[in-house]
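K.L.:
As they're listed, the protein sequences go chains Y and Z.
Quick note: the first sequence uses my numbering, first residue 1, plus one each step.
Quick note: the second sequence uses my numbering, first residue 75, plus one each step.
Treat the hints loosely; a few may be bogus.
[Claimed, not checked] Straight-line C-alpha distance at most 25 Å; calculated PhoX-like pairs for lysine-lysine: (1) Z:188 with Z:122; (2) Z:272 with Z:79; (3) Z:79 with Z:91; (4) Y:15 with Z:188; (5) Z:141 with Z:273; (6) Z:131 with Y:15.
[Claimed, not checked] Simulated DEER-style distance windows between Cβ atoms: (7) Z:209 with Y:72: 32 to 40 Å; (8) Z:95 with Y:73: 35 to 43 Å; (9) Y:22 with Z:282: 34 to 42 Å; (10) Y:22 with Z:173: 37 to 45 Å; (11) Z:209 with Y:22: 54 to 62 Å; (12) Y:56 with Z:209: 48 to 56 Å; (13) Y:72 with Z:191: 26 to 34 Å.
If you're looking for bench data, these hints aren't it; they were derived computationally from the structure.
Note that CB positions come from ideal geometry on N, CA and C, so glycine has one too.
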Amino acid sequence: MAERSLLVTSHSAIKLVAHRGVGEGRVEATLVLACGCEVTRTMRADRIQEIEGGGLLVVGKYPCPKRHPVRPPE
Amino acid sequence: MTDAKQERIVQARMRLKARFEAKMAATPAQSDDAPMGSGPANRHGMPKLPPGQVLAKGWPVLDIGLKPVVELEDWSLEIAGACDAPTTLNWEALMALEQVDDTSDFHCVTTWSKMDMEWRGVRFLELMALVQVRDEAQHVLCHGYDGYTTNLPLVEAMKPDVLVAHTVYGEPLSIEHGGPARMITPQLYAWKGAKWIKKIELLAEDQKGFWEVRGYSNSAHPWRNDRYS
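Pulled out of the complex, with its shape left as it was, chain Y reads as follows (with noise of 0.2 Å):
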């Protein structure tokens, strides 16, 4: 477990805040996670993916910069 502890928790997107081009197909994107922290990255452009329906989604795992432990969102 002590060792688990030192991993660098990463987290699924769960609602894309804001974002911008910041050129060369990448932007700068803030973030809820689903541990509930807001981060902003800069990140691929294509992370950030029009779904059908209608919306955007932000895909793929982001650092939680507290290391709050992977768990599903409340």
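Mind docking chain Z on chain Y? Use the hints.
P.N.:
Below, chain Z alone, put in the same frame as chain Y:
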């Protein structure tokens, strides 16, 4: 490949099918009585869209930070562990095995799905027939050229839609999507299929992979919304 070797593989394939067919039919993705999800029945009887998933218009590129470039002349796939004929395949040897075309759905744990993807590759079952997997092998640990690992039960890996795939939509698999070859696991979340696959280890005891030790489900059943450990 000689006729004798081909015949040995065919016989081994038949024995493996006999060993695993009933167990495969009993896995959640084929047997759950009241599976979650929506839409008409898919190829294995589950609702087309698992719970919590949405349909992505594109095909996102996800990895753990590296996109290894492996030229075909340098590529190899080692298959080792609980088997009687461990082997390392080069590209020519992989292409000499029986190739299949298969259409399947792709479900990522980060909530996007892509339906009816057209793959070409070698069935995992065929690789197991080649290496004569032993009875004590119950688990698989796959390794990618990027250092990624992922584990799954052998019964899941033996399903006919689990491929070491090298072609998608008629084109060679791109580097960003795991080319030259990756594994796909349509009846589990997609992280169970290693991109840039390099090694398949057959194990008697389970050994967790990269995401499994980081809090994600060891079993990864999409129709149970089984994402976390």
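K.L.:
For each hint, tell me whether it holds in the structure or not.
P.N.:
A quick look at each hint next to the structure:
1. Using a Cα cut-off of 25 Å, the hinted pair residue 188 (chain Z) and residue 122 (chain Z) holds, with the two alpha carbons roughly 10 Å apart.
2. Our distance criterion of 25 Å between C-alpha atoms is met by residue 272 (chain Z) and residue 79 (chain Z), whose separation comes to about 24 Å.
3. Between residue 79 (chain Z) and residue 91 (chain Z) the CA atoms are separated by roughly 18 Å; this keeps the pair inside 25 Å, and the hint holds.
4. This hinted pair checks out: residue 15 (chain Y) and residue 188 (chain Z) have alpha carbons roughly 20 Å apart, not beyond 25 Å.
5. Between the alpha carbons of residue 141 (chain Z) and residue 273 (chain Z) the distance comes to roughly 17 Å, so the proposed pair stays at or under 25 Å and holds.
6. For the hint pairing residue 131 (chain Z) with residue 15 (chain Y), the CA-to-CA distance comes to about 18 Å; that is within 25 Å, so the pair holds.
7. About 37 Å separates the C-beta atoms of residue 209 (chain Z) and residue 72 (chain Y), a value consistent with the hinted range of 32 to 40 Å.
8. Between residue 95 (chain Z) and residue 73 (chain Y) the Cβ separation comes to about 38 Å, which falls inside the hinted range of 35 to 43 Å.
9. The supplied range of 34 to 42 Å is met by residue 22 (chain Y) and residue 282 (chain Z), whose beta-carbon atoms lie about 36 Å from each other.
10. A hinted range of 37 to 45 Å for the beta carbons of residue 22 (chain Y) and residue 173 (chain Z) is consistent with their spacing of about 43 Å.
11. Range check, residue 209 (chain Z) to residue 22 (chain Y): about 55 Å between beta-carbon atoms, so the 54 to 62 Å window is met.
12. A beta carbon spacing of about 49 Å between residue 56 (chain Y) and residue 209 (chain Z) agrees with the range 48 to 56 Å that was offered as a hint.
13. Evaluation of the 26 to 34 Å hint for residue 72 (chain Y) and residue 191 (chain Z) yields a pass: the beta carbon distance comes to about 27 Å.
In the structure shown, no violation is registered for any of the earlier numbered hints.
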